[in-house]
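The listed protein sequences correspond, in order, to chains A and B. All residue numbers for the first sequence refer to our numbering, where the first residue is 1 and numbers rise by one. All residue numbers for the second sequence refer to our numbering, where the first residue is 1 and numbers rise by one.
Be a bit skeptical, because a hint or two may be false.
[What the hints assert, rightly or not] With a straight-line Cα cutoff of 20 Å, these simulated SDA-like cross-link-like pairs (lysine to any residue) come out: (1) A/96 <-> B/185; (2) A/96 <-> B/251; (3) B/96 <-> A/71; (4) A/96 <-> A/71; (5) B/247 <-> A/100; (6) A/79 <-> A/56; (7) A/247 <-> B/98; (8) A/96 <-> A/251.
[Said to hold, decoys possible] Negatives, chain B to chain A, calculated, CB over 12 Å: (9) 22; (10) 62; (11) 248.
[Claimed, not checked] Chain A stretches covered by chain B per the calculated footprint, using a threshold of three residues with CB under 8 Å from any CB of chain B: (12) 8-17; (13) 36-46; (14) 166-180; (15) 203-214.
Since the hints were made in silico from the structure, they are not lab data. Just so it is clear, CB atoms sit at the ideal spot from N, CA and C, and this is done for glycine as well.
Number of protein chains: 2
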Amino acid sequence: MAPPELRILALPVQGEIAVGTDLAELVLRAVEQRGERLQSDDVVVVTQKAVSKSEGRVVRLEDVEPSDFAVRYAEEFGKDPRHVETVLQESRRIVKMDRGVLITETRHGFICANSGVDASNVGLGVVSLLPIDSDASAISLRERLGELTEVRPAVIITDTFGRVWREGLTNVAIGVAGMAPLQSFAGQQDPFGYELRVTVMAVADEIASAAELVMGKTDGTPFVLVRGFAFEARAGAARELVRDADKDLFR
Amino acid sequence: MAPPELRILALPVQGEIAVGTDLAELVLRAVEQRGERLQSDDVVVVTQKAVSKSEGRVVRLEDVEPSDFAVRYAEEFGKDPRHVETVLQESRRIVKMDRGVLITETRHGFICANSGVDASNVGLGVVSLLPIDSDASAISLRERLGELTEVRPAVIITDTFGRVWREGLTNVAIGVAGMAPLQSFAGQQDPFGYELRVTVMAVADEIASAAELVMGKTDGTPFVLVRGFAFEARAGAARELVRDADKDLFR
């Protein structure tokens, strides 16, 4: 058997994604323009921004009425109080509020800066919010791809999160459908007979990171095709990547 | 210009890596066996385990004399006191010691479980340690590849680290040579004219994660070739990925 090879293909699109845009159609057109055909063992990676726009998960700041708390915090750190208000509304818990950095837990259980509220690539005076249920969004896209082609690849929706202790952002999975997000090597033996007890790899996050390398930040590449990864095919969900509170040493 | 495509090629090797093994020769043989030739715009990814073995950074537990502290901790949590002692010797600070989990800061500034001391894939009764200076190890491998071929690709040495708040491990860069580990989109404008102020991607970590997807855990793939990523060519170092203590909200 040949050693594994992964191909990570950027799928650029022309034009803007708006509320109601059929992302599955866009994906298929972009795959076709690369001279490829979708396969059921592919992983289709989609940015949060594309999903949020298509689902209308954007907010015009002029429509936001900031609370007194948001106003005070925004003044102290030179931020837009309407942006701060949106972040607070999108959070269910504030994890850290220090030196102007607001790290929150979202409705999904993700812990990230600003509840994932983001002002880039959506238009001036507008911010995007995370999808309400990003796993459901991944399922929908996968089903729609299946309707159009009878091929159901795995789907990963991604966002860029910061990390504790390390500089720089990496792309992670916030929605998963059709694959196990964690792949376990527990119980397998290495060549020396040492049992690998706790090696559980977050493969959905690793695929998200791999995909980001061809996305760029400004050049209209909301989709990436990942071909050649032997994922474990099952329903899957990004919420499996969220550590339970009672197992979390850094809550 | 064609949209970007990355190829992630597993480079399996036969036989064991021992002290003094010339990793550069092994890499080149493995590249050749895949029918490829090394290019200066490639990234060669190497596991910590391969580097540590070749540098003799392994310890036989029977040679370790555990301290009283290590013995008490090991007894409480059912661990091998000699393993605990090795972890403590490899750490310069204990970040978290809770519920049997020992998270430490290494001499390099990395914060990870057990100072990166690892019992898998090195033989029974033996553990591997992180390279003394993993950036220097990356530079050496790059220079040796240059000697043998006159081609100097970027080199990334990786290890699998756990994360705060999220389940599963991901592969990250612990040594870098020949490329910028962080790629900044600061100051660029998105299509709407919104200036992207703080987008700094940890591309070396993303490449490490991408590479892990073809490595497996037990099947003898210590090297991966990543082709097609437009990295910023400069010396680079994994220590750039370590957040300074005074900027760290979670120290």
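List, from low to high, the hint numbers that the structure doesn't satisfy. As far as the earlier hints go, 1, 3, 6, 11 and 13 are violated by this structure, in ascending order.
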